[in-house]
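Colleague: Here is how the chains run, residue by residue.
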Amino acid sequence: MKKIVLILVLSVFAFSSSGFKKAETLEESCFDIAREIVLEVDGEINTDNVSIVNWLNFLCEQEVILFP
Amino acid sequence: MSKLMSKTILYIALFFSCYINSQKAYKIVYKVEPHNFIENKELNSKVKSVIEQAIKSARRDRYFLIANDKHSYFNNSQNMEIDFGSELDKVYDKVGKLITAFNKNVYNHYKKDKILFTRNLINNDYHVEGKPYKFNWELKEESKTILGYQAKKATGVYYDIIRNKEFEIIAWFIPSIPIPAGPDIYFGLPGLVGEVHLRKAIVKMESIEEINESVIKPSFKDVMPYEEYVDFVSKANAKIKKEYN
Numbered sequence: 001m002k003k004i005v006l007i008l009v010l011s012v013f014a015f016s017s018s019g020f021k022k023a024e025t026l027e028e029s030c031f032d033i034a035r036e037i038v039l040e041v042d043g044e045i046n047t048d049n050v051s052i053v054n055w056l057n058f059l060c061e062q063e064v065i066l067f068p
Numbered sequence: 001m002s003k004l005m006s007k008t009i010l011y012i013a014l015f016f017s018c019y020i021n022s023q024k025a026y027k028i029v030y031k032v033e034p035h036n037f038i039e040n041k042e043l044n045s046k047v048k049s050v051i052e053q054a055i056k057s058a059r060r061d062r063y064f065l066i067a068n069d070k071h072s073y074f075n076n077s078q079n080m081e082i083d084f085g086s087e088l089d090k091v092y093d094k095v096g097k098l099i100t101a102f103n104k105n106v107y108n109h110y111k112k113d114k115i116l117f118t119r120n121l122i123n124n125d126y127h128v129e130g131k132p133y134k135f136n137w138e139l140k141e142e143s144k145t146i147l148g149y150q151a152k153k154a155t156g157v158y159y160d161i162i163r164n165k166e167f168e169i170i171a172w173f174i175p176s177i178p179i180p181a182g183p184d185i186y187f188g189l190p191g192l193v194g195e196v197h198l199r200k201a202i203v204k205m206e207s208i209e210e211i212n213e214s215v216i217k218p219s220f221k222d223v224m225p226y227e228e229y230v231d232f233v234s235k236a237n238a239k240i241k242k243e244y245n
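Sequences listed follow chains D and S, in order. 68 is the number that our numbering gives the last residue of the first sequence; the numbers go up by one with no jumps. 245 is the number that our numbering gives the last residue of the second sequence; the numbers go up by one with no jumps.
Simulated from the structure, these hints should not be mistaken for laboratory data. Beta carbons: idealized from backbone N, C-alpha and C, even for Gly. Some hints could be false.
[Stated by the list, open to error] Chain S regions said to be covered by chain D (calculated; three or more residues, Cβ under 8 Å):
{"no.": "1", "stretch": "39 to 48"}
{"no.": "2", "stretch": "92 to 101"}
{"no.": "3", "stretch": "120 to 129"}
{"no.": "4", "stretch": "237 to 244"}
Turn these sequences into a full structure, and let the hints steer you where they fit.
Modeller: And the structure:
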C-alpha cells in the first residue's frame, strides 16, 4: 500500500514539474525576444547592436512597447 | 590699352570659370534593398513581425552623398526631428539601420587619402580618423546601366573589425563620373559607386544631380585615431560576446 502511495506521489510530482518546465520555456522573456531580433539581423551581439538589445529589453520590460 | 584691357577681362573670366567648376559637385541619393533574409524561416511570431517592419523601415531610408573631385561627404538623409508615430516605429528604424550598418558623417578626402566618420558604439558616438579602407578591388568585364549611366562591376574584400569576419563586396561604378566616391566607406574605384552589395543589403543610387555646393568637412572636438578605435572595438566585443552570445 505504502509503495503504491509513494509511486502515486512521485508520479504526480514528476508530472507537475515537467508541466511547469514546459510552460516556462514556452514563455520567452523580453531579453530573449530582444536578443533574437538582433541576432536575426546581425548574426551576433556586438558593439554595434548591444545597446539596441538593452533598449528593446527595457522598453518591453517597462511595457512601453508590446511586441505585436 | 584696349588689348590689355580685353586680356585682363579674359583672365578674370577664366579665373571665375575655373572657380565655378571647382565648386561643381554631385549630390547622389542612395536607397536600400535588404537581402539575404531567409523567407518563411521559423521564427517567434513577435521576432518575425519586428524583422518584417524593420525591413520596410530600411527600404524607406535614404542616404545622401555630396562629392566633387577632391572630397565627399556621406550621411543619412533622415531629419533628426522626424516624428516617429510610436516607440515601435523607433524600434523598426533602429533595427532597420543594422541592415546596412553604415557609419554616420563619413568625410572622405581622396587627395589626402584620409577618412573621418562617426560610429555609434554602445550608445556613444565616436569620431574616428584614419585612412580609407583598401578593398583590393578587382575590376570585372561585366557592365550594366544604372540611371542611364554605364556601370562596371568590381569585387573587393572587406574585413569587418566589429564582426571579426571577411565579406565579399560587389560594387558597380560609373567610369564616366571619374570621382572615386561612394556610399559610406565603399569607394576607391575609378568612378562613382552607383550600387554596392553588402552582407544584408543592396544599396542603389536612386538619383544624381549636379549641384553648386561645396563639400564641408565636419568638425568634432574629440577625434579618435583609427588604431585606437580598432583596439576599443576588439576589447569591448570580447566582453560583449562573453555576456550576450
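Colleague: Each hint: holds or not?
Modeller: Against the structure, the hints come out as follows:
Residues of the stretch 39 to 48 of chain S lying with their CB closer than 8 Å to a CB of chain D number 4, which satisfies the three-residue condition for coverage. With 5 residues having a beta carbon nearer than 8 Å to a beta carbon of chain D, the stretch 92 to 101 of chain S meets the requirement of three or more and the stated coverage holds. Closer than 8 Å: that is the beta-carbon criterion, and the stretch 120 to 129 of chain S has 4 residues meeting it against chain D, so the requirement of 3 holds. Counting residues of the stretch 237 to 244 of chain S whose C-beta lies closer than 8 Å to any C-beta of chain D gives 4; at least three are required, and the coverage claim holds.
In summary, the structure agrees with every hint in the numbered list given earlier.
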